[in-house]
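Engineer: Let's have the full structure, built from the sequences with the hints guiding it.
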Amino acid sequence: MKFYGELLVFVLLFITNLRVFFVQHVRRDPLVVLAPFTFIVAIFQILAWGIDAFTTLGLLIALFVLLSNFHAIFRYIERLYVDHYSSLMKVWAVFTIMISALALAATIYFAPVESNARTLKISKNQTYYKGNFRSGFEEAGPFSSKSLSFWKFAPQTAGESEAEKPIVLLSPDKRGDTVNYTPYLEQLALHGVTACSADFFSDDGQWLHSYGDKKILRRLIMVIQSTVNRQRFEAQREFYSYNVSQEYDVLIPLILEKFGADKKILLVTDFMADIAAEDFAKKNPDVIAGVFKLSDIEEYKSSGYGCIEQTDPLLAMVLGLRRDKSLKTPKLLAEKTLEMLKQIQHDKTAVSDAE
Numbered sequence: 001m002k003f004y005g006e007l008l009v010f011v012l013l014f015i016t017n018l019r020v021f022f023v024q025h026v027r028r029d030p031l032v033v034l035a036p037f038t039f040i041v042a043i044f045q046i047l048a049w050g051i052d053a054f055t056t057l058g059l060l061i062a063l064f065v066l067l068s069n070f071h072a073i074f075r076y077i078e079r080l081y082v083d084h085y086s087s088l089m090k091v092w093a094v095f096t097i098m099i100s101a102l103a104l105a106a107t108i109y110f111a112p113v114e115s116n117a118r119t120l121k122i123s124k125n126q127t128y129y130k131g132n133f134r135s136g137f138e139e140a141g142p143f144s145s146k147s148l149s150f151w152k153f154a155p156q157t158a159g160e161s162e163a164e165k166p167i168v169l170l171s172p173d174k175r176g177d178t179v180n181y182t183p184y185l186e187q188l189a190l191h192g193v194t195a196c197s198a199d200f201f202s203d204d205g206q207w208l209h210s211y212g213d214k215k216i217l218r219r220l221i222m223v224i225q226s227t228v229n230r231q232r233f234e235a236q237r238e239f240y241s242y243n244v245s246q247e248y249d250v251l252i253p254l255i256l257e258k259f260g261a262d263k264k265i266l267l268v269t270d271f272m273a274d275i276a277a278e279d280f281a282k283k284n285p286d287v288i289a290g291v292f293k294l295s296d297i298e299e300y301k302s303s304g305y306g307c308i309e310q311t312d313p314l315l316a317m318v319l320g321l322r323r324d325k326s327l328k329t330p331k332l333l334a335e336k337t338l339e340m341l342k343q344i345q346h347d348k349t350a351v352s353d354a355e
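Numbered according to the working numbering, the sequence shown spans residues 1 to 355.
Don't take every hint at face value.
[Stated by the list, open to error] 35 Å max Cα-Cα, derived DSBU-like pairs, lysine-lysine:
{"hint": "1", "residue 1": "K282", "residue 2": "K325"}
{"hint": "2", "residue 1": "K258", "residue 2": "K331"}
{"hint": "3", "residue 1": "K293", "residue 2": "K90"}
{"hint": "4", "residue 1": "K258", "residue 2": "K293"}
{"hint": "5", "residue 1": "K282", "residue 2": "K130"}
{"hint": "6", "residue 1": "K282", "residue 2": "K214"}
{"hint": "7", "residue 1": "K282", "residue 2": "K263"}
{"hint": "8", "residue 1": "K258", "residue 2": "K301"}
{"hint": "9", "residue 1": "K342", "residue 2": "K214"}
{"hint": "10", "residue 1": "K130", "residue 2": "K264"}
{"hint": "11", "residue 1": "K214", "residue 2": "K2"}
{"hint": "12", "residue 1": "K258", "residue 2": "K283"}
{"hint": "13", "residue 1": "K130", "residue 2": "K263"}
{"hint": "14", "residue 1": "K293", "residue 2": "K263"}
{"hint": "15", "residue 1": "K90", "residue 2": "K121"}
{"hint": "16", "residue 1": "K336", "residue 2": "K301"}
Hints were generated in silico from the structure; no laboratory data involved.
Structural biologist: Now the structure itself:
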């Protein structure tokens with residue numbers, strides 16, 4: 001959806017600026033209303049998906065186009081007529097058309113690899129909650145503020161063998177969030193595994209202790225921090241562990257409530273949650289079946305950022321990777337996770353036989 005929203009913004013900008021060359025007779029200019037409409041769409045893009053290169057570029061161009069068309073908008077509101085646009089306006093239109101066309105081309109070139117849950121024959125559900133760590137979380141209504149997004153990926157039809165498998169709980173690195181691990185989670189569901197993940201944005205779950213903790217900014221700032229000074233970023237593992245531990249205290253009871261108190265859980269981490277997962281597993285061996293660290297997989301070159309070769313090809317290029325339609329990395333991560341699940345099942349069977 002983010003990709004199509006970006007396409008809409010740049011296409012609308014292209015049409016808005018192109019129109020100035022087709023005003024040949026005295027008439028009103030109704031297409032000028034596309035300028036404020038496009039600006040509003042660009043704002044909603046950022047509110048929905050956060051700030052990144054394309055949403056920011058779309059907003060900036062939309063803002064400049066809106067300001068340059070302010071006089072034309074005023075004339076349209078006052079029902080005045082336009083017979084032509086000035087040479088300066090046409091020069092500006094040419095410039096913004098070129099920028100919009102380049103942005104549109106870049107958006108298409110760096111488009112994420114598409115996947116469809118129906119085509120894959122898996123179920124993908126997202127549930128929103130409101131609240132915070134102090135007072136707890138409860139399911140949010142359609143107009144409530146949302147501070148927790150809980151994701152569930154599962155096969156459409158679960159067999160008996162699937163029912164015996166542990167639930168996989170991914171703790172996404174904050175440089176990725178769940179959306180950038182979706183290809184991996186979908187691969188798990190394709191192989192009959194129920195996988196969950198969650199993104200927290202509560203007011204008392206501070207990672208940056210600044211305005212950067214806002215949903216629209218957090219991932220971008222963390223990506224910048226980790227790429228500019230990776231050593232300093234990774235030195236804060238103990239602090240990350242404390243925050244993730246808070247999340248586990250919320251998520252584990254939530255999963256047990258949804259899937260049954262006798263259900264075992266495999267904790268999957270990607271750097272930030274490594275220490276917290278190990279500590280939680282030691283304290284709760286009756287619930288946690290094991291800990292699997294994605295960052296330990298040597299072939300996983302985008303550790304900490306998720307499956308960006310599919311979800312964020314622009315960032316992948318910055319990190320020296322390429323867009324990959326073959327889903328090589330998600331399939332590898334899923335394969336390694338399935339091996340871990342098989343080992344857990346084998347150990348469980350061995351213990352039962354010994355008893």
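Engineer: Can you list which hints this structure breaks, lowest number first?
Structural biologist: 1, 3, 9, 15
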